[in-house]
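*Asks:* Heads up: the protein sequence lines correspond to chains A and B, in order.
Here my numbering is used: the first residue of the first sequence is 1, the next is one more, and so on.
Here my numbering is used: the first residue of the second sequence is 1, the next is one more, and so on.
One or more hints might be untrue.
Which residues of chain B face chain A? A few of them, derived with a C-beta cut under 7 Å, are [to be verified]:
#: 1; residue: Ser7
#: 2; residue: Gly41
#: 3; residue: Gln42
#: 4; residue: Leu43
#: 5; residue: Asn45
#: 6; residue: Tyr48
#: 7; residue: Leu59
#: 8; residue: Asn92
#: 9; residue: Gly95
#: 10; residue: Lys96
#: 11; residue: Phe99
Simulated pairs of lysine to any residue, SDA-like, Cα-Cα distance not exceeding 25 Å [what the hints assert, rightly or not]:
#: 12; chain 1: A; residue 1: Lys9; chain 2: B; residue 2: Ala17
#: 13; chain 1: B; residue 1: Lys54; chain 2: A; residue 2: Lys57
#: 14; chain 1: B; residue 1: Lys108; chain 2: B; residue 2: Glu15
#: 15; chain 1: A; residue 1: Lys9; chain 2: B; residue 2: Ser82
#: 16; chain 1: A; residue 1: Lys9; chain 2: B; residue 2: Asn45
#: 17; chain 1: A; residue 1: Lys9; chain 2: A; residue 2: Thr20
#: 18; chain 1: A; residue 1: Lys9; chain 2: B; residue 2: Ile44
#: 19; chain 1: B; residue 1: Lys108; chain 2: B; residue 2: Gly52
#: 20; chain 1: A; residue 1: Lys57; chain 2: A; residue 2: Gln44
I should point out that these hints are in silico values taken from the structure, not numbers from a laboratory.
Just so you know, even glycine gets a beta-carbon here, dropped at the ideal spot from N, CA and C.
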Amino acid sequence: DSGVTQTPKHLITATGQRVTLRCSPRSGDLSVYWYQQSLDQGLQFLIQYYNGEERAKGNILERFSAQQFPDLHSELNLSSLELGDSALYFCASSVGQGARGANVLTFGAGSRLTVL
Amino acid sequence: GIQVEQSPPDLILQEGANSTLRCNFSDSVNNLQWFHQNPWGQLINLFYIPSGTKQNGRLSATTVATERYSLLYISSSQTTDSGVYFCAVRGNQGGKLIFGQGTELSVKP
């Protein structure tokens, strides 16, 4: 157990629908990152939050949004789903700032999304 | 942005063999991590190694930051070592952790 908790583990839904993926970071970690892993694109960075604020943005579609709450858990919302959104979505966390090693990422087990 | 290249893309080993996986990166980094993605999809952090050498059991890693490469050594491989090994880096300018395309390792009994 990495300490990063993601739910749900698996999700099957239909095109056009909306889903929410949830992530609880490791205790003490302030930064949360979202990554998407699809067969043809590899591991792609989506977005990062640090202590509730957006810190960096990657290749995140406009149909996707995320936020980090005061208790530091994060949610990734995916809407108007398309077949191509089927992927493994990972959340990772890190301490975020400070000493060397503060940006070491620890990944959750992922949420596997299948869009039919 | 920073580029990460891993080699070889695929590797098949007999149990007990040794292997070396390579990661080249195009710019200075302040974070380099090696991950193992097992057949169930879990990403396991193996090493945080922006420079120097570390060892953990049968695995060791070396990063030569000045020459912009890192090596992951697997000795006496076991079937449980199968999966995909990723190198990921963050440049000195900060920003996201960028992943290479991975090396898919298959260890045969």
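*Asks:* All hints are to be evaluated individually against the structure, with a verdict given for each.
*Replies:* Hints and how they fare:
no., hint, in the structure
1, Ser7, "violated (15 Å)"
2, Gly41, "holds (6 Å)"
3, Gln42, "holds (5 Å)"
4, Leu43, "holds (4 Å)"
5, Asn45, "holds (6 Å)"
6, Tyr48, "holds (5 Å)"
7, Leu59, "violated (17 Å)"
8, Asn92, "violated (12 Å)"
9, Gly95, "holds (6 Å)"
10, Lys96, "holds (4 Å)"
11, Phe99, "holds (4 Å)"
12, A:Lys9 - B:Ala17, "violated (34 Å)"
13, B:Lys54 - A:Lys57, "violated (32 Å)"
14, B:Lys108 - B:Glu15, "holds (6 Å)"
15, A:Lys9 - B:Ser82, "holds (22 Å)"
16, A:Lys9 - B:Asn45, "holds (19 Å)"
17, A:Lys9 - A:Thr20, "holds (12 Å)"
18, A:Lys9 - B:Ile44, "holds (16 Å)"
19, B:Lys108 - B:Gly52, "violated (31 Å)"
20, A:Lys57 - A:Gln44, "holds (11 Å)"
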